[in-house]
Every structure is written in structure tokens, then in C-alpha cells.
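Number of protein chains: 2
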Amino acid sequence: MSAPMHAMAVDSFVMMLRNLLGILDKGEAHARAKGFDPAVLVSARLAPDMFPLSKQVQFVCYQAAECSARLTGKEAPHLDAGEETLEALRERIKRTIALLEAAPAAAFEGAEDREISVPLRDELVLELKGLAYLKDWAIPQFYFHLITAYAILRHNGVDVGKADYVAGLGSAIRKRGGGGTQA
Amino acid sequence: MSAPMHAMAVDSFVMMLRNLLGILDKGEAHARAKGFDPAVLVSARLAPDMFPLSKQVQFVCYQAAECSARLTGKEAPHLDAGEETLEALRERIKRTIALLEAAPAAAFEGAEDREISVPLRDELVLELKGLAYLKDWAIPQFYFHLITAYAILRHNGVDVGKADYVAGLGSAIRKRGGGGTQA
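Taken in order, these protein sequences are the chains called S and G. All residue numbers for the first sequence refer to numbering that gives the first Met the number 0, where the first residue is 0 and numbers rise by one. All residue numbers for the second sequence refer to numbering that gives the first Met the number 0, where the first residue is 0 and numbers rise by one.
Just so you know, not all the hints are guaranteed correct.
Copies of the same chain are indistinguishable here, so a pair counts whether it falls within one copy or spans any two.
[Stated by the list, open to error] Only pairs whose alpha carbons sit at most 30 Å apart, straight line, appear in this in silico BS3-like list of lysine-lysine:
| # | residue 1 | residue 2 |
| --- | --- | --- |
| 1 | 93 | 54 |
| 2 | 174 | 73 |
| 3 | 73 | 33 |
| 4 | 161 | 128 |
| 5 | 174 | 25 |
| 6 | 54 | 161 |
| 7 | 54 | 73 |
| 8 | 174 | 128 |
| 9 | 73 | 161 |
| 10 | 33 | 93 |
| 11 | 54 | 174 |
| 12 | 128 | 93 |
| 13 | 93 | 73 |
| 14 | 161 | 93 |
| 15 | 174 | 161 |
| 16 | 33 | 174 |
| 17 | 93 | 25 |
FYI, nobody ran anything at the bench for these hints, they're computed from the structure. Just so we're clear, the structure is a prediction, and the values are computed from it rather than from any experiment.
Just chain S, same shape as in the assembly (with noise of 0.2 Å):
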């Protein structure tokens, strides 16, 4: 089950985060053509009382980082935080899909049993073995900033598409009865 783990927690998170750079791409390119600052994006937010695209950010890269450390048996890393513009952002998405890769598959050998305990706010912690940390807190918490981050971009105008978000399932897509892929 190692490999499954591995394969979950490292290899679809790098998928997802390479995916969330395309997208970040798109919102520069989109402020660029319209004129306006891209930092106006970086504070943008869906609610007033909700994080900004920053915050979505800095959370998806942390929750990755986070589960991989976790999963590993190391110490849970700091979470700094401070971009303020999109190029920043991206920089910390490279930082995060480095850490993620540096981490070898066999670091996973019994993830799933081991168990894991995650401080939350107001002296609760939540405690779970590693394949349920896995499957209903980390990938849950890593998609909800990832896909509030994506609709942060969406809902101001910036041309995303699912496309976008799959991005990186191109090989795995080929034409009905062809045998060619399309990226």
C-alpha cells in the first residue's frame, strides 16, 4: 500500500499543483491584457469574510507539504507566508512540487496505519490513522484551496476552464478509436 499512498499524496498533489501554476499563468496573462495590476488578483477573494487567492494559495502548498511530512513521520512544517504578488506564488508552488518529490515512495511504507495527530485551532486535535488523515482531511483541505483559488480567477473574469484543471491528464486522453494522444 505504499505505493498507492505515495502515489496519492505525492504524485496527484505535484499533478494538481503543476496544473494550478497553468492556471496563475492564465490570471497574470488576463491582468496583463486587460491592464490592470496582478496583484489586484492576489487580494481578490469571493467573500469578504473568505481568504484571498494568496491565502488559497499558500494553504493548497501547505496542506501538500504538510500530508507529505506527516505520511513520512517528520515534523510538520511551518507555514510562512507572506506573497503578495502572483510571480511569488508561483515560486512557492516550485518550492512545494520540490519538497513533494524529494520525499522517496518508500518514506510511504505504512502510511496508511501510521498514526497521525493534526493541532487545530481552540486546543482540538484531530486523530486519525494515515490512510483516513489521507483520504478525509488532506486531499478534502488541499482541493478546497486549489479549487477556491481556481474560482477566485474564475469569477473575476480570468478564461479557466476545466481544461485547465485536468491539464496534466493530457497523455491519458486520446481520440475515440485513434490511437493518438492529445496533450
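Since chain S is already given, all that's left is putting chain G on it; use the hints.
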């Protein structure tokens, strides 16, 4: 590996669908409290060319049902969709939960290696093995529509938060240092 596949494709999706029921309940209560027709929320969108809440909920349900069918070698369900009220959307979610729970865990035996083929538009087809299909297609698609539904309500002033999004995890959350569980 059949147990983890079933846990991810059934248990986690069912938990998140139950959370979505609670989120829609809050939407209904918000509309009643503000004195507007809850159906207004059903047709709310984050962008003019993005699907409204109704379709987001229909797609969440479809993705879950499709995933379960494909991983167990059954024919993919037909997407019938015509709900125009929050009540009808909740009924669809409940039917989907019942459908997922009816699939025995044993039916997921070998699902991770099953050859999956998903017809897409424009004569394209997605071809993946079961585990890759689950982690790189079904899960991202499921969460995409679930979180977009949440974001539509959040954007429209409904008082939902992370606690509603992860409501099903209550029994895994404890007071630090203590033994009691927090619902």
C-alpha cells in the same frame, strides 16, 4: 487494496455528500431568514459562463456514482438532471448516498488495476487504470463540483465555513490532552 479503494470511492464520498446536505440546509435556512426564494440560490453562479448550483450538485452526485460504477465494472449511470429546488437537490444527494452504500466493498476487489475508459466530448476518451482514474480524475472532479457548490453559497452570503465542509470528521476531533470527542 480493495478496502482502500472502497474507502476512498465510497466512504469518503458519502461523508462529503452528507456534509453537502448540511451545507444546502444552511442555504435554505439563509434564504428563509432573509425572505427570498431558496430557488434563487439554485440558479446562482460564480461567473456567467459557469454552471449554476443545481448543475454543480448534479455533477458531484454523478461523479460519485460514475466512479463507483466504473471501479466495479458496471455501466456508467445516465446523467438525468432537472432539479430546480434545494429540496430536490438534497433528494438527489440522498439517492446517490444510498446508491454508493449499496455497492459491497468486495466489488472493489482489483479495482486499482481495472482498465477504465471514460468517453469525453469531441470524440476524446480518457484511459487510465483504476487507481489513477480515482486519484487523478474522479476525486478532482468530485471535489471540483462540491467546492464550487460551497463557494456559490458562500459568495451569496450563506454562513457556511470549514466546520460544515468537514462536519463528518467530528468523531475524530478531540480536546487536546482530554479524552472527549467533539461533534
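How the hints compare with the structure:
no. : hint         : in the structure
1   : 93 with 54   : within (16 Å within a copy, 34 Å between copies)
2   : 174 with 73  : between (43 Å within a copy, 23 Å between copies)
3   : 73 with 33   : neither (45 Å within a copy, 48 Å between copies)
4   : 161 with 128 : between (33 Å within a copy, 21 Å between copies)
5   : 174 with 25  : within (26 Å within a copy, 43 Å between copies)
6   : 54 with 161  : both (22 Å within a copy, 15 Å between copies)
7   : 54 with 73   : within (24 Å within a copy, 41 Å between copies)
8   : 174 with 128 : between (41 Å within a copy, 17 Å between copies)
9   : 73 with 161  : between (34 Å within a copy, 26 Å between copies)
10  : 33 with 93   : within (26 Å within a copy, 44 Å between copies)
11  : 54 with 174  : between (39 Å within a copy, 27 Å between copies)
12  : 128 with 93  : both (29 Å within a copy, 28 Å between copies)
13  : 93 with 73   : within (21 Å within a copy, 40 Å between copies)
14  : 161 with 93  : both (22 Å within a copy, 27 Å between copies)
15  : 174 with 161 : within (18 Å within a copy, 40 Å between copies)
16  : 33 with 174  : neither (35 Å within a copy, 50 Å between copies)
17  : 93 with 25   : within (16 Å within a copy, 38 Å between copies)
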